[in-house]
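Chemist: Listed below, chain by chain, are the residues.
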Amino acid sequence: MAKLKGTGISSVNYPTGMNLGGDPTQALIHMTTTGTFVISLASCDLGQGLKTVLAQIGAETLGVPFENVLIDTGDTDTGPHCMGTFASRTTHRAGNAIIMAAQEARKTMLEIAADELEARPEDMETDGQGFVRVKGSPDRKIHLVNLALAGHFKYGKTVAGRGIFFKPNLGIDPETGKMDPDSTEAHACVMAEVEVDTETGEVKVLKLQSVYEIGRQVNPKLVEGQIKGGSVMGLGHALYESTEPYYPSPEHRPGGFFEYILPLAPDVPEMEIRVLEYPSADGPYGVKGFGEMTANAPIPAIVNAINNALGTEISTHPVTPEIVLQALDAKQSKS
Amino acid sequence: MASKIVTFTLNGRETEVMVKPLTTLAKALREKLGFTATKCGCYEGNCGSCTVIVNGEPVLSCILPVEEVEGQNVLTLEGITPAEGLHPLQQAFHENFAIQCGFCSPGMLMVSKALLDKNPHPTQAEVAEAISGNLCRCTGYDPIIAAVLQVAAGSNGNQGGSHE
Ligand code: FES
Ligand code: FES
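Residue numbers (the numbering used here), protein chains in the order written: chain A, 133 to 467; chain B, 10 to 173.
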């Protein structure tokens with residue numbers, strides 16, 4: 133009986149979104165009298181930071197400070213349409229819709245500024261600090277609040293924009309079966325180091341080293357948060373979590389957190405994370421979706437590391453102590 | 010069964026609440042007293058999100074009958090949150106991205122506070138152990154541990170808005 137160490141690797145190619153009936157997500161933008169740009173969405177922030185990254189994307193396209201953007205989301209009765217926050221699709225889909233809507237709103241914003249500054253709309257630029265100004269003469273500028281007031285009360289103009297992401301459903305080629313089910317794809321490689329106790333069957337993950345290729349990062353700290361959280365969730369899927377009972381009848385199905393075992397703080401391995409940025413062709417500012425894959429990529433790496441440690445051929449998960457001990461027995465009876 | 014009045018100190022104030030027997034502290038706090046910072050993830054004593062501090066010890070308020078805190082000292086997240094700004098632990102959670110969906114955060118903050126009050130300079134393993142009764146689905150725990158260690162390194166972890 134011993135504690136055996138092993139190393140395993142996984143590599144993952146992960147799609148962004150899907151292609152069911154266009155996979156649409158809409159965004160509506162309007163500017164309030166105080167110069168705030170409200171972006172209405174039905175896409176949902178689950179804690180991953182969606183509101184932050186979408187406000188960043190909106191601010192970038194509009195050319196206004198991040199603080200001037202307000203994301204109004206979460207009500208599917210009143211909001212525009214979103215297919216949903218899943219399939220790593222929302223930053224990509226809603227981001228594209230926001231860019232489209234922001235371009236339209238920006239156009240009207242620059243027209244009002246041009247009227248106020250007695251210049252041509254094509255000579256207008258934003259400074260990203262809350263002003264619209266005349267190119268080449270930075271002193272001829274107007275603040276967003278004054279611009280909003282002028283639009284509402286002097287010109288009777290609505291600064292607003294409509295955007296949609298839509299991926300046409302091209303169907304399946306009957307000859308070849310070829311189809312285009314997703315948008316851009318992200319990639320990952322994870323290396324896991326584990327220690328397996330051959331007496332108890334328990335597995336400890338010592339280290340997870342991850343490399344993610346996810347296109348352009350909108351917010352690196354939030355990216356790191358997704359990868360760390362996903363790594364530990366993946367560890368849970370690899371070793372503990374299952375909605376199926378460990379024994380073959382439904383009454384033993386987990387009824388709560390007493391039976392559905394999640395990883396806890398002491399289970400957290402050493403984590404090393406690298407991010408590569410190869411901008412995508414179709415994502416907003418080169419984004420790729422990657423949230424979901426962070427919980428998947430660690431699983432095969434951990435299972436492979438266990439097999440490497442034991443010389444076994446486990447191909448299911450979670451790799452519970454029973455599975456480890458059964459695999460060791462099978463290996464012994466073979467030899 | 011007849012309702013009864015339970016009296017205890019809540020965040021430094023004498024508090025009375027009229028409850029049916031076996032009402033949990035979590036229910037009394039949230040539904041009777043309007044102290045909704047305390048969150049309930051499971052109502053069965055296994056996720057830690059409902060943790061409050063009773064006489065310096067972290068306890069699960071979802072399985073504690075409120076009669077049990079008669080005459081005791083109860084501290085909730087409202088009690089450590091200053092009128093202006095944030096408690097050092099809240100600040101550190103914010104800075105370390107230790108909050109994603111936020112559902113575990115009230116419980117995580119209260120166990121961390123109880124830890125630092127007793128052990129102002131814990132090791133990483135001691136922090137992990139202290140929060141090991143609290144589930145977090147989002148962050149992978151690592152940022153939470155980092156936040157607690159940051160407070161331990163920068164202060165005694167027992168300042169700002171505490172009412173004990
Ligand atoms: S709600 Fe109390 S432990 Fe889960
Ligand atoms: S932040 Fe979501 S459960 Fe901890």
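The hints are simulated quantities; they were obtained by calculation from the structure and are not laboratory data. From the three backbone atoms N, C-alpha and C, an ideal C-beta is built for every residue, glycine too. Careful: at least some of the hints might be erroneous.
[As the list claims (entries may be wrong)] Computed spacing ranges between beta-carbons, pair by pair:
#1 A:L408 - B:G65: 21 to 29 Å
#2 B:E135 - A:K336: 12 to 20 Å
#3 A:E327 - B:T132: 55 to 63 Å
#4 B:Q81 - A:S447: 51 to 59 Å
#5 A:A413 - B:Q100: 37 to 45 Å
[To be verified] To spell it out: a stretch of chain A is covered by chain B in this simulated footprint if at least three of its residues, at any positions, have a beta carbon under 8 Å from a beta carbon of chain B; those stretches are:
#6 177 to 183
#7 346 to 360
Chemist: Please write out, lowest number first, the hints stated earlier that are contradicted by the structure.
Modeler: Violated hints: 1, 3; rest satisfied.
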